[in-house]
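Student: Dock the two chains into a complex; use the hints.
For the protein sequence lines, the chains are A and B, in the order given. Under my numbering, the first residue of the first sequence carries the number 1, and numbering increases by one thereafter. Under my numbering, the first residue of the second sequence carries the number 1, and numbering increases by one thereafter.
In short, the hints are calculated from the structure, not lab data. All residues carry an ideal CB built from backbone N, CA and C; glycine is no exception. Fair warning: there could be bad hints in the mix.
Derived Cβ-Cβ restraints for the label pairs, each shown as a range [as the list claims (entries may be wrong)]: (1) A:Gly58 with B:Phe29: 57 to 67 Å; (2) B:Ala207 with A:Glu47: 51 to 61 Å; (3) A:Ser26 with B:Leu173: 10 to 20 Å; (4) A:Val36 with B:Glu92: 26 to 36 Å; (5) B:Trp251 with A:Ser26: 22 to 32 Å.
Short, incomplete list of chain B residues facing chain A, as computed with Cβ under 10 Å [to be verified]: (6) Glu92; (7) Arg95; (8) Leu212.
If you want the building blocks of each chain, they are given just below.
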Amino acid sequence: MISVRDLTKVYTVPIKQPGLWGSLRSLVDRTTRDVVAVDGITFEVPEGQRVGFLGPNGAGKTTTLKMLTGLLHPTAGTCEVLGYRPKERATDFLRQVTLVMGQKQQLLWDLPPRETFALNRAVYGLTRTAWSDALDELVDLLDLAEVIDRPTRNLSLGQRMRAELCAALLHRPRVLFLDEPTIGLDVEVQALVRRFVRTYADRHGATVVLTSHDMADVAAIVDRVLLIGGGRLGFDGTLPTLSQTFGEGRRLEVRGADTDLGGIGLSRDDAGTWFVSGTAEAVNRALSAVLQAAPNADVTVTDPPLEEVLRRAFRAQGQAETPS
Amino acid sequence: MGSLTQPLAVLGALVRVSLMTGMQYRANFLADVATGAIRTLSTLGPVLLVYSRTDTIAGWTLPEALLVLALYLLMEGFVGGVIEPNLSMVVEGVREGSLDLILLRPADAQLMISLRTVAPSRLWDLVGGVIVGGWALATLPSLPTPIDVGVAAVLMLSGVAAVYGLWILAICLSFWFVRVDNLRFVLWSAFDTGMWPIPVFQGWIRAVLTYLVPVAVMTSFPAMAITGRWSPALVAQGLAIGVAFLGISRWTWRRALASYTSASS
Numbered sequence: 001m002i003s004v005r006d007l008t009k010v011y012t013v014p015i016k017q018p019g020l021w022g023s024l025r026s027l028v029d030r031t032t033r034d035v036v037a038v039d040g041i042t043f044e045v046p047e048g049q050r051v052g053f054l055g056p057n058g059a060g061k062t063t064t065l066k067m068l069t070g071l072l073h074p075t076a077g078t079c080e081v082l083g084y085r086p087k088e089r090a091t092d093f094l095r096q097v098t099l100v101m102g103q104k105q106q107l108l109w110d111l112p113p114r115e116t117f118a119l120n121r122a123v124y125g126l127t128r129t130a131w132s133d134a135l136d137e138l139v140d141l142l143d144l145a146e147v148i149d150r151p152t153r154n155l156s157l158g159q160r161m162r163a164e165l166c167a168a169l170l171h172r173p174r175v176l177f178l179d180e181p182t183i184g185l186d187v188e189v190q191a192l193v194r195r196f197v198r199t200y201a202d203r204h205g206a207t208v209v210l211t212s213h214d215m216a217d218v219a220a221i222v223d224r225v226l227l228i229g230g231g232r233l234g235f236d237g238t239l240p241t242l243s244q245t246f247g248e249g250r251r252l253e254v255r256g257a258d259t260d261l262g263g264i265g266l267s268r269d270d271a272g273t274w275f276v277s278g279t280a281e282a283v284n285r286a287l288s289a290v291l292q293a294a295p296n297a298d299v300t301v302t303d304p305p306l307e308e309v310l311r312r313a314f315r316a317q318g319q320a321e322t323p324s
Numbered sequence: 001m002g003s004l005t006q007p008l009a010v011l012g013a014l015v016r017v018s019l020m021t022g023m024q025y026r027a028n029f030l031a032d033v034a035t036g037a038i039r040t041l042s043t044l045g046p047v048l049l050v051y052s053r054t055d056t057i058a059g060w061t062l063p064e065a066l067l068v069l070a071l072y073l074l075m076e077g078f079v080g081g082v083i084e085p086n087l088s089m090v091v092e093g094v095r096e097g098s099l100d101l102i103l104l105r106p107a108d109a110q111l112m113i114s115l116r117t118v119a120p121s122r123l124w125d126l127v128g129g130v131i132v133g134g135w136a137l138a139t140l141p142s143l144p145t146p147i148d149v150g151v152a153a154v155l156m157l158s159g160v161a162a163v164y165g166l167w168i169l170a171i172c173l174s175f176w177f178v179r180v181d182n183l184r185f186v187l188w189s190a191f192d193t194g195m196w197p198i199p200v201f202q203g204w205i206r207a208v209l210t211y212l213v214p215v216a217v218m219t220s221f222p223a224m225a226i227t228g229r230w231s232p233a234l235v236a237q238g239l240a241i242g243v244a245f246l247g248i249s250r251w252t253w254r255r256a257l258a259s260y261t262s263a264s265s
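The shape of chain B in the complex, shown without the other chains (with noise of 0.2 Å):
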C-alpha cells in the first residue's frame, strides 16, 4: 500500500468503526439525535431575540448574522462531535497510560487519537447548521457569487485547521500536567461567542477571538466572504492563522510525546 493511500485507509477504516460505535446503543443514538436537535433551535434563541429588536448589529443584517450562526453550529459539530470526544480520551489516555497502545501503531498518532470516536448527538449540530445556512443565503438580498463561495469555502477549511490546531494544543498540555479538563471548559466558553459576527466585538476581546481562540477565522471570516466583505488581506489572514496553528501544534504534539511518561502497571 502506499505512502498516500495507507493514511486515508486509516481515516476510512476510523470513521467507519467510529460510526459503529455510535450507533451500537440504538436507544442512546436516538436521545442523541434529539438532543442534537433541540441544542440547534436553542442557540438561535438569542440571535433572534437580538434581531427583534434591532435591524443591524455593527452593520450585519439579520440573514447576514444567520449566516455566522450557521457557521457556528457547522464548528460546533465538528469540534463537539469530532475533536473533543478523541482529545478528552487522549487525556484519559494521558493519565492511564492506556495512550501506549495506539503509540505502537504504524500509522500518525495524531491522526489516531484524533478520529478514534464520534457523538452523534453533535453531528446533528452539522444537520442544524446546513439548514440554518440554507435559510439565511435564502433570505439573503443577492446570491453569493462563485468566488465569494471559493474563498469562504477556503477561509473555513483554514478555521478548521485552526480550531483544531487549538485544541491540539490543549491537548498536549496534559502531558506535562496530566489533567487539563477545565482547559476545555474555558475553550468552549470562548467558541460561544463564535456565534456573533466578528466586528460585534472590539479591541483586545476582537483580538484575542482572531489570534489566541481563531473561532472568528472559522465562524465570522467565511460569512464575509459570503457577504462580500473579504480582501486578500482577509484571506491571507485566515490562511496565516490556519497554517501557524497547524504548524505549532503539529510541533507541540511532538514534543508531547518525547515526554509521555505512560503510567505504570
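Chain A with its partners taken away, still in its complex shape (with noise of 0.2 Å):
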C-alpha cells in the first residue's frame, strides 16, 4: 500500500545576514546551506491501517506527507503508494488519494461549497451518480445540508473545514492524508471531524495517514504511531505500547481519605491528595490496600496523558523540543 525506503529531502536555504547590509549584499553574494528535512526514512503501511506521525514542528512531518503525494520530489531514496511513484502524478494515483491540508483550503472562496464541488466532477470526471452518491453521503456525515449553498466566505471555520473535507473525499480517495486536520477548530468541529475520519475509513476500507499536534487526534483516529524528530523516525507501534515504553505508568490518586496512607506506600501533594504511579499490578495491588483502608475515599485510576508520553518519547530521542 505505502512503501518508503530511505526517504530523503533536503532543502538548500539561503543564508541571509541580518539587517539592510546583509540583504543588500546577499543580492549580489548569496551564500546556501543545505537543511535535511527528512533523514533516510523506511516504513511501510498496509492497506486499511491509520497511521499517526508525530514530532515536534520542524520535525519533518509534513515534508514527508508532501512526498508521498508527490508534491515534492524527495532528494534520495523511494517511496511507492498504492504501487505508484508520488512525483510521476500519475492521473490514476491522483483519482485515488487526498490530502486535506488545516491550514490550506481548495474551496474557492467566493462561491458556495457546491461550485467546488461541482468542478471537483470534473476534474475527477465523475459520472453524475457517482458524484451525488458521495456527495449525499458526505453532506449528512458532515452536517453540511445547511452550508453547502452559502458562499464559502459567509461561513465559519468549522463549517469550512467540513466543506473542505466534503470537497477532499467526493472522489472517494482510498488513501487519506490529512495534515494538522482540526487546527484551529473548536472542541465541538474537532469531535466531529475525528468521528468522521473514523466512520469514513471504516466504511470504505480507506488507509489514513494523519499528523497533528493535537493528542486527542491520534488518540481518536490512529491505530499506530510513528514518531520523527529531527527528519528520522523512532518509535514505531501502537499507542498501548507507546504509553507503556515512555510511560510512568498507571497513575492512583485517592482524594477525601480520612486516614494516613502514607504507610501503605502512597505519597502525599500540597492538595492533599494521595498518589502513586507504577505497573498496572502495582497500582492494583495499591487500591487493594487502599479500599481496606479507606473505604468512604474517592479513588481514581488513570492512565498517563499522552502529551507526558510523548514529551519522554521525544526526550529519549534526544529532541529538546516537545509538542505544542
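Tutor: Have a look at this one:
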C-alpha cells in the first residue's frame, strides 16, 4: 500500500546576514546551506491502517506527507503509494488519494461550496451518479445541508473545514493524507472531524496517514504511531505500547481519605491528594490496600496523559523541543 | 469519461466557475466594464493622432494600422483577461505554498493554473478589438480573400500560443526565484509595442519583438495576412515560433514542478 525506503529530502536555503546591509550583500553574494528535513526514513503501511505521524515542529512530518502525495520530489530514496511513484503524478494515482491540509483550502472563496464540489466532479471525471451518491453521504456525515449553498466567505472556520473534507473526499479516495486536520477548530468541530475520519475509513476501508500536534486526534483516529524527530523515525508501534514504553505507568489518586495512607506506599501532594504511579499490577495492589484502609475515599486510576508520554519519548530521542 | 473529453469537461467547469466568480460582485463587475471601455478608447488615441499627420507609416495606411490595433486589443484582452490574472495567482501560490492543492488534482496542472479565474474588465478589450477590427475591415479598399483570412486565423492562433508560452516561462521562473512580479511589468511594456505594425521597427528591436517577446506574431503577422502581405515563409516562421514557445514552456513547466518546494505549513 505505502512503502517508503530511505526517503530523504534536503532543502537548499539561502543564508542572509541580518539587517539592510546583509540584504544588500545577499543580492550579489548569496550563500546557501543545506537543511535535511527528512533523513533516510523507511516504513510500510498496509492497506486500511490508520497511521499517525507525531513529532515537534520542523520534525519532517509535513515534508514526508508532501513527498507521499507527489508535491515534493525526494532528494534520495524512494516511496510508493498504491504501487505508484507519487512524484510522477499519474492521473490514476491522484484519483485515489487526497490531502487535507488544516491550513490551506481548496474551496472557491467567493462561491458556495457546491460549486467547488461541481468543479471537482469534472476534475476527477466522476459520473453524475457517483458524484451525487458521494455528495449525499458526505453532506449527511458532515452535517453540511445548511452550509452547501452559502458563499464560502460567509462560513465559519468549522463549517469551512467540514466543507473542505467533503470536497477532498468526493472522489472516494483509498488513501487519506491529513495534515493537521483539526488545527484552529473548536472542540465540538474537532470531535466531529475525528468521528468523521474514523467512520469514513471504516466504511470504505481507507488507509489514513495523519500528522497532528493534537494528541486527541491521535488517540481518536490512529492504530499506529510513528514518532519523527529531526527527520528520523523513532518509535513505531501502537499507542498502548507507546504509553508502556515511555509512560510512567498508571496513576492512582485518592481524595478525601480520613486515614494516613503513607504506610501503604502512597505519597501526598500539596492539595492533600494521595497518589502512587507504577505498573498496572503495582497500582492494583495499592488500590486494594487503599480500599481496605479508606473504604469511603474518592479513588481514581488514570493512564498517563499522552502529552506526557510524548514529551518523554521525544526526550529519549534526543529532541529538546516538545510538542505544543 | 474518455481521456480526450475530460480536459474539455475540466475546461468547461473552470470557465463556468471563473465567470461566476467574476460576476459575484455586481458593482465591481459594472466598474470593470466601464474601465474596460475607457481603456479601449484611450488605446485608439495615439494611432489616430499619428495618422492625422501622415497617410502611411512604413507603408501601412490607417485602416491597415487599425487592423493591427484590433489584433493588439484582442491580445490585450486575452493576456489581461485570462493569462495574467491566473499566472499571478501561481506566483502567489508558489510563495505561499497554495499551489499544493492544484498539483493534487488528477488533471493537467498547467491547464488548471491557466484557467482558474478571468478578469471581466479585460475581456472588454476583446469587444473593443472586434469593434475596431470591423471598422478597419469596412474602411479597407478591398475585402481580404478567404485564404488571407484563413492564414490570418492560423497565425493568430500561433501568436496566442507563443504569448501564452512566454507567460508560462515567466511564471516558471517563480519556482526558482519566488518573486518575479517585476518581470510581468517588463513584459507588459514590451507588449505595448504590439499596437504598431512590426515593419515600423527596425533591426534588433524587430527581432526581439518577433523571436524573444513574440508579440508581432500575434498582432502584425495576422494583419499582414489579411492585407495580402503574407508569404509561405512568413506562415512557416509564425508557426515555428508558436510551436517553439509552447514546447519550450511545457518542458520548462515540468522542470519547474520538480523544483517546487511548497511552503511549510
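Student: Need the list of violated hint numbers for this structure, in ascending order.
Tutor: 1, 6, 7 and 8
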